[in-house]
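Trainee: Given only the sequences and the hints, what does the whole structure look like? Please build it.
In numbering that gives the first Met the number 0, the protein residues as written are 0 to 266.
Keep in mind that the hints are not guaranteed to be accurate.
[Claimed, not checked] With a Cα cut of at most 30 Å, we get these calculated DSSO-like pairs of lysine-lysine: (1) K213 with K53; (2) K89 with K53; (3) K262 with K213; (4) K262 with K16; (5) K191 with K131; (6) K89 with K213; (7) K16 with K213.
[What the hints assert, rightly or not] Computed Cβ-Cβ distance ranges for the label pairs, DEER-style: (8) L12 with A48: 30 to 38 Å; (9) L188 with S259: 15 to 23 Å; (10) L37 with T258: 22 to 30 Å; (11) Y250 with E75: 31 to 39 Å; (12) N158 with A48: 34 to 42 Å; (13) M0 with N158: 42 to 50 Å; (14) I87 with Y250: 30 to 38 Å; (15) D70 with T193: 15 to 23 Å; (16) T193 with H260: 33 to 41 Å.
Simulated from the structure, these hints should not be mistaken for laboratory data. All C-beta atoms in this analysis are idealised placements derived from N, C-alpha and C, irrespective of residue type, glycine included.
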Amino acid sequence: MTMEKTLWQQVQLVRQKSPLVHNITNYVVMNNTANALLAAGASPIMAHAHSEIKEMVNIAHSLVINIGTLDEYWAESMFIAAETANTIHKPWVLDPVGAGATSFRDQILHQLLQFHPTVIRGNASEIIALSKTNKTITKGVDSTAESNDAVDAAQMLVNQYNTIVCISGETDIILSKNQSFHIRNGHPLMTKVTGLGCSASALTGAFIGTIEDKVSGTAAAMSLLGIAGELAVRESKGPGSLQVNLIDKLYNITEEEFTSHLKIERS
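Mentor: Below, the structure written as structure tokens:
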């Protein structure tokens, strides 16, 4: 079976299974994230109350932790959720938004890494900062580095935490101990819509909560968003309409659109 066909089958499996994805994410993007998950066929839940975190992690297919709008209460929610997921072997995604920007963020991330995320997804600057292998400037949640610049840092995280690392950028690079993917889908206009990286992390959560091969599932999630973005740009006048058109394309993308536009290499 071709890689295109395999990844498309994974897109379809998410639609069939409708995995419940528990998101502890930032309130700037909650609505967009939930809509992206629904459009792709998953079921989102946003919950961060300490009293229900453990139960939510137990019933969900996967967990996504995004530290975008961090505070002390939410940080504790994240610790409870990550520890629970690690204990019961529930797949989870860490989105280290703004890593390296403040010592508070870095402290929280250091603690979260101890619970061995299944996937870490961030831009190049965030991945570099997370690995502590280099000094880099994090401009808010935007990257000042290219994906290739973060490969060594990502590999260090892979080896240290036995995780999968996805570096988002013009080329999305997915690394594990045994294989790697390079995905060249997407469009520069997507960087003008807030929270599409957060949507990528949430979609990754849906896929790793459904697909047994977590590396391939991560590649399918990133491919789906990138291709949907490319196609949506064609119908958009700017970032506002792109946001709407992207959700529509996640919902109605066809097999022919997905397989014919996919630009991916595996090694």
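Trainee: Now, for every hint given, state plainly whether the structure supports it.
Mentor: Structure-based check of all given hints:
For the hint pairing K213 with K53, the CA-to-CA distance comes to about 23 Å; that is within 30 Å, so the pair holds. Distance check on the hinted pair: K89 and K53 sit about 12 Å apart at the alpha-carbon level, within 30 Å; holds. With a C-alpha separation of about 19 Å, the suggested pairing of K262 with K213 holds against the 30 Å cut-off. Our distance criterion of 30 Å between C-alpha atoms is met by K262 and K16, whose separation comes to about 26 Å.
Between K191 and K131 the CA atoms are separated by roughly 28 Å; this keeps the pair inside 30 Å, and the hint holds. The suggested pairing of K89 with K213 holds, with an alpha-carbon distance near 12 Å, which does not exceed 30 Å. The suggested pairing of K16 with K213 holds, with an alpha-carbon distance near 16 Å, which does not exceed 30 Å. For the pair L12 and A48, the supplied restraint of 30 to 38 Å holds, since their beta-carbon distance comes to about 31 Å.
Between L188 and S259 the Cβ separation comes to about 21 Å, which falls inside the hinted range of 15 to 23 Å. Between L37 and T258 the C-beta distance comes to about 23 Å, which sits within the given range of 22 to 30 Å. Checked against the hint of 31 to 39 Å, the pair Y250 and E75 passes, with Cβ atoms roughly 35 Å apart. Between N158 and A48 the beta carbon distance is about 35 Å. The supplied range of 34 to 42 Å therefore holds.
Here the CB-CB span from M0 to N158 is close to 30 Å, at odds with the stated 42 to 50 Å. For the pair I87 and Y250, the beta carbons lie near 32 Å from each other, so the given range of 30 to 38 Å is met. Between D70 and T193 the beta carbon distance is about 19 Å. The supplied range of 15 to 23 Å therefore holds. As the Cβ distance of T193 to H260 is approximately 24 Å, the hint placing it in 33 to 41 Å is violated.
Of the numbered hints stated above, those contradicted by the structure are hints 13, 16, listed in ascending order.
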